[in-house]
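Novice: Based on the sequences and whatever the hints tell you, model everything.
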Amino acid sequence: MEKQIDTLQQQLKQQEKLASLGMLSAGIAHEIQNPLNFVINFSKMSDKLLKDLTEIIEDNEENISEDDREEVEDIIADLKENMAKIVEHGERAISIIQGILLVSRGKENEYLPSDVTHIVKEYVWLSYHAMRADHKNFNVTIHEEYQEDIPKMMVIPQDLSRAILNLMNNSCYTIWHKSQRLGEEFKPTIDVKVSFSDQKLNISIRDNGEGMTDEVKQRLYENFFTTKPAGQGTGLGMAITKDIIENKHNGTLTFESEEGQGTTFYITIPVKQS
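Under my numbering, the first residue of the sequence shown is numbered 5, with each subsequent residue one higher.
What the hints contain is simulated information worked out from the structure, not anything from laboratory work. Hints may be right or wrong, so weigh each one.
Unchecked claim - The calculated lysine-lysine pairs, modelled on DSBU-like cross-linking and capped at a C-alpha distance of 35 angstroms, are:
{"no.": "1", "residue 1": "LYS156", "residue 2": "LYS125"}
{"no.": "2", "residue 1": "LYS182", "residue 2": "LYS204"}
{"no.": "3", "residue 1": "LYS140", "residue 2": "LYS221"}
{"no.": "4", "residue 1": "LYS48", "residue 2": "LYS89"}
{"no.": "5", "residue 1": "LYS48", "residue 2": "LYS84"}
{"no.": "6", "residue 1": "LYS197", "residue 2": "LYS276"}
{"no.": "7", "residue 1": "LYS246", "residue 2": "LYS191"}
{"no.": "8", "residue 1": "LYS197", "residue 2": "LYS221"}
{"no.": "9", "residue 1": "LYS182", "residue 2": "LYS140"}
{"no.": "10", "residue 1": "LYS140", "residue 2": "LYS89"}
{"no.": "11", "residue 1": "LYS276", "residue 2": "LYS221"}
{"no.": "12", "residue 1": "LYS156", "residue 2": "LYS204"}
{"no.": "13", "residue 1": "LYS55", "residue 2": "LYS84"}
{"no.": "14", "residue 1": "LYS197", "residue 2": "LYS140"}
{"no.": "15", "residue 1": "LYS52", "residue 2": "LYS125"}
{"no.": "16", "residue 1": "LYS221", "residue 2": "LYS191"}
{"no.": "17", "residue 1": "LYS252", "residue 2": "LYS156"}
{"no.": "18", "residue 1": "LYS221", "residue 2": "LYS156"}
{"no.": "19", "residue 1": "LYS252", "residue 2": "LYS276"}
{"no.": "20", "residue 1": "LYS182", "residue 2": "LYS246"}
{"no.": "21", "residue 1": "LYS246", "residue 2": "LYS197"}
{"no.": "22", "residue 1": "LYS52", "residue 2": "LYS89"}
{"no.": "23", "residue 1": "LYS156", "residue 2": "LYS276"}
{"no.": "24", "residue 1": "LYS48", "residue 2": "LYS156"}
{"no.": "25", "residue 1": "LYS197", "residue 2": "LYS125"}
{"no.": "26", "residue 1": "LYS84", "residue 2": "LYS52"}
Specialist: Right, here's the structure in full:
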């Protein structure tokens with residue numbers, strides 16, 4: 005009993021830290037968004053200036069040698085390509101920041117019209133980069149399959165993103181753990197699929213990691229149960245994920261797992277269109 009109380013106290017402390025971190029993240033995200041907007045806008049303006057420059061060069065083509073003209077054209081082409089990359093990655097960064105702000109500002113249990121594919125994609129890669137930050141040698145091949153034209157759904161975005169993050173974190177951890185044991189002969193993969201049929205949204209996350217023992221399968225959703233070393237897992241992630249999917253979104257969360265071969269989690273959510 006004392007051990008459970010101590011564990012609960014530690015979890016509450018961690019929740020307080022996460023709440024503070026959420027507020028800090030929202031502040032940082034907001035501050036970063038403004039300079040990013042400047043970068044994107046000035047990149048677009050520079051691209052327009054390059055087009056004007058190209059027209060001026062074409063109008064004065066007879067005054068420029070062929071060699072100089074070819075060199076200028078090559079430079080302009082490179083600059084246009086660089087500008088396009090700046091805009092592309094800047095807009096991706098803006099998208100990530102907007103997701104962070106949505107999660108941090110969202111009211112508890114508030115359903116919002118959401119692009120679920122976008123949520124899944126963002127948090128799959130957020131988990132990957134977080135794992136890379138902790139383990140520099142971590143790598144994995146991620147196969148993504150997203151059905152096109154999935155309608156926006158009424159979901160609780162901050163909760164659904166948390167569920168995806170929990171599942172993806174588990175997949176990343178188990179393939180990292182397996183790769184430490186098997187070395188280069190192991191080729192870690194994660195398959196992510198989002199589809200829509202029969203008025204239901206289907207999400208699956210499959211990994212070829214360690215898989216689960218029979219004991220882990222039976223205790224998977226128990227509070228405070230974790231297979232990770234002390235300090236690396238709270239034992240609440242899967243219980244929270246199950247609650248998010250089944251109680252808050254009236255869906256189902258199931259899994260298939262074979263010890264030593266890997267695990268697949270399946271999320272099914274009845275469509276509640278915006």
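Novice: Would you pick out the hints that fail for this structure and give their numbers low to high?
Specialist: none
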